[in-house]
Amino acid sequence: MSILAIVLALFLTAILIGMRLPKTHAAASRIRLPVPPERVFAVITDFEAYPLWRPGLDRVESGPELDGLPSWYEFCTRDLRVQFRVTAWQPPHHLRTRLVADELPLSGAWDYDLAREDCGGTVLTITGRDKIHHPLLRFFTRYFLSYHGAMDIYLIALARHFGIAAVPEHLSLKPADDALAD
1 MSILAIVLAL FLTAILIGMR LPKTHAAASR IRLPVPPERV FAVITDFEAY PLWRPGLDRV
61 ESGPELDGLP SWYEFCTRDL RVQFRVTAWQ PPHHLRTRLV ADELPLSGAW DYDLAREDCG
121 GTVLTITGRD KIHHPLLRFF TRYFLSYHGA MDIYLIALAR HFGIAAVPEH LSLKPADDAL
181 AD
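Be aware that the sequence shown starts at 1, since it is given in this note's numbering, and climbs by one per residue.
Please keep in mind that the hints were generated in silico from the structure rather than gathered at the bench. Nothing here was measured: the structure is a model prediction, and the numbers come from that model. In this text, a Cβ means the ideal position worked out from N, Cα and C, and glycines have one as well. One or more hints might be untrue.
If you anchor each label on the Cβ, the simulated ranges turn out as follows [what the hints assert, rightly or not]:
| id | residue 1 | residue 2 | range |
| --- | --- | --- | --- |
| 1 | G163 | A5 | 24 to 32 Å |
| 2 | V43 | S146 | 19 to 27 Å |
| 3 | L57 | F140 | 15 to 23 Å |
| 4 | F75 | H133 | 17 to 25 Å |
No farther apart than 20 Å at their CA atoms in a straight line, the calculated lysine to any residue pairs in the SDA-like style are these [claimed, not checked]:
| id | residue 1 | residue 2 |
| --- | --- | --- |
| 5 | K23 | G108 |
| 6 | K23 | G163 |
| 7 | K23 | L104 |
| 8 | K131 | H25 |
My request is simple: use the sequences and hints to build the entire structure.
Below you can see the structure in the form of structure tokens.
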């Protein structure tokens, strides 16, 4: 059997496995920050400043308001522009953002819940509810990338922005929590 045949067989196997995986998933990660929720909320809603602390972003541009709430474009490379929008804005306790892109192989929303600790710090929990349309991406996300991956990168970068090292805690979700957010 040639190398090409082996690679093709592995590729097709990954697609077949991906087709059997659920399209939707939910995952949640949280960190504790030694700063008040108002300050954390201000940083996570200053979308144009994301490239200053988030790795992998070349730039961010403001988008049009959608339903009276902000939207923005994230540029990860010169050619990849992804639009996000806010769908819930309740400072300093809750933010929901949603991916606005029909042409991408995934869609979904993140809920940011900020709780004040007795010491004045913040517990920030991000719950991601995503739908992965392409079976190959479902396979790689499930077995190699992690449903928590993007959230953890975001949370670690945010903690570093505040001058601390943090390891996100992965939370268990109840089955009812798996539904995609509006």
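Each hint, compared with the structure:
no. : hint                   : result
1   : G163 / A5: 24 to 32 Å  : violated (53 Å)
2   : V43 / S146: 19 to 27 Å : holds (24 Å)
3   : L57 / F140: 15 to 23 Å : holds (22 Å)
4   : F75 / H133: 17 to 25 Å : holds (22 Å)
5   : K23 / G108             : holds (11 Å)
6   : K23 / G163             : violated (37 Å)
7   : K23 / L104             : holds (14 Å)
8   : K131 / H25             : holds (7 Å)
Taken one by one, the earlier hints fail for this structure at numbers 1 and 6, listed in ascending order.
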